Amino acid sequence: MSNLNISGKDILRFLLNHYDFVQKAFDISKPDFIIDSDKLFQLISEYNTSSETKVSLSKITTDLKFCRQLPTGEYKLNGTYTTFLEFIFDDFVLDLPETLKNRYQAVFNHFTSLQTEKDETKAILFIREITKVIEDFLNDIQGQTYRLLRDTESLKVNAENNSDLSVRIQKANYWIDEYIIPLNAILNIDNPSSVINAIIQVQRYASEKRILADTYTLKREFEKLYASSVNAKAELDQTLSKLTRELLPLLERIKSDSIILSGFYHFVENVDNPENYIVPLPDLLRKVRANVISKTFSNEAEFYIDQFNYKTPEILYEETTEEIEWLPDSSYFKEQLLKEKEVSDFYQWCFDSLKEHTENLTLSKFFTISNLILEEDLVAEYKDETRFEIQLSDAVLKMPKVKVYEKLSE
Amino acid sequence: MRSYPNEHKEIVSNLLDGKFIIYPNPLFAVLQQEEFADDYKEFFKESYDYELTIENEFAYLSSNVVNEKRTRDFVLFLAILCRELDYNGKNFRDAIELGNFDFSETEQLLKQSSKWEILEKTSVADFEAFIRTWSGKNVLKRTGNQFKFTKAVKLFFEFAVNVANAKLKEQQEL
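Just so you know, the protein sequences line up as chains Z and R, in that order.
Counting in the working numbering, the first sequence runs from 1 upward without gaps.
Counting in the working numbering, the second sequence runs from 1 upward without gaps.
Hints listed in this document are in silico derivations from the structure and should not be mistaken for laboratory results.
Source: prediction; values computed, not measured.
Hints may contain errors.
Unchecked claim - Restricting the straight-line Cα-Cα distance to at most 27 Å, the calculated cross-link-like pairs of lysine-lysine (BS3-like) are: (1) K287(Z) <-> K90(R); (2) K171(Z) <-> K90(R); (3) K151(R) <-> K255(Z); (4) K341(Z) <-> K401(Z).
Stated by the list, open to error - Under 7 Å between C-beta atoms, here's a sample of chain R residues computed to sit facing chain Z: (5) D17; (6) S63; (7) N64; (8) N67; (9) E68; (10) A160; (11) A164.
Built from N, CA and C at the ideal position, the CB exists for glycine as well.
Extracted from the complex, chain Z is given alone in its bound form:
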């Protein structure tokens, strides 16, 4: 802060007296700490009307260097302030793990230089630089982890509607993919370019040099570096376990829970239109008392039962034109038969005689004539077992060969 013209006490007094203003400016300008000029002016005027103590744009930009105007017209908060304010408000802005990686990359560079440096004074500078980078990195990563944990907790709060649920799922996915997994990679001991590996190398080197270094001063510096690296490793281990054992499962949990809630949401909203929730409900079996279970069996059973399903018959009265069938006059044919005196094949004779009078030879017509065989004054002689067919319009008869003649009167 030596580049500021006013004393540290002035700055602290400003932060204390205008705590609310500073906090609002901090909140509005997050995450890049850039604020529109309109918004800043409005903030100042609102603050000045409500508060006894006043702030002025010139004081905060020129004297206190709280912010400066960019060529675009916006104002950017001073990085020295924001780092301190993040600490004060316990509100860290998430850095992309890539940014963190670039920061700790410096450890590798300084460490390489340290190992080849012969000059004691320069070696001490490298040692101090490494310690500082490690310290900064630890602060960063702790702030980040804390921030992630807190944001994750806030993700659990009420989701009023489904879009809140979608936001939850998206955020959880984003944090897992963009922060936790890359952070894990940075902290993963199996990854040769991870910070933890750099720290382990530093720790080994310092452990050896704190005993074997040429001078007492160097030994003491290496001792400090060793302590710092041991501490860093322990803290990073802790952070890693927080990330993998606490944060990651929590986020996964929030994600999967939100998916369930979101699915239920769609289901409830579309309960009357099942096609809208796409996936069919589980087809649980309904308890059935009767054993008619298989579809085929059920159909067959229904068909069978239908047979006993008596209905009062419906009587249809149809007005039919009554057709009285013409029947041959048996006395006429008897007369013809008697004229023959003897017929060797009676049934054939019936057929032939009938055919002379009608084309339509029905069973009833045939029987009217063939019944003559029963007349008392006729004798029927039947010897042969064989039968021949008589083709009528409505039947086929198999008749024996019968001889018929008139009974001689006694």
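Following the hints, put chain R in place on chain Z, whose structure we already have.
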């Protein structure tokens, strides 16, 4: 003739009654054995045209002909209960999977919900009978004035996940 396990009759009658058979019930242990699992699937398919599903922790029969129409009501009940628990800042999944629910408190919680108007038109309205029905299927377990969900509830969570994923896919395709 092949040999049936001793528990055969019990397994078949439980499943045909529409009950879930759930771990650690010894009947489930039988169903899970490889030598029986396929046989039972075939048995139910051939005899009744039912599907036997054996999951990690439970087994059940399903049929698209003789199916339980009240399943819809149960899913509604579960969905709205989860929603209310989540609104109240509770971890609904822990509550459902592990917790005990007081009979009348739960009924009150549901009645306060803006979605009660849907539930009251379903079989959930007669809450007592509703709990009895689903206890009979081993989806709920009732003890005194309390009930809890059995592991079978996971089937309905899975249904919700499938709906959400299907919706997500649908939105992505648009």
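So, going through the hints one by one against the coordinates:
no., hint, result
1, K287(Z) <-> K90(R), "violated (35 Å)"
2, K171(Z) <-> K90(R), "holds (20 Å)"
3, K151(R) <-> K255(Z), "holds (21 Å)"
4, K341(Z) <-> K401(Z), "holds (17 Å)"
5, D17, "holds (5 Å)"
6, S63, "holds (5 Å)"
7, N64, "holds (5 Å)"
8, N67, "holds (4 Å)"
9, E68, "holds (4 Å)"
10, A160, "holds (3 Å)"
11, A164, "holds (4 Å)"
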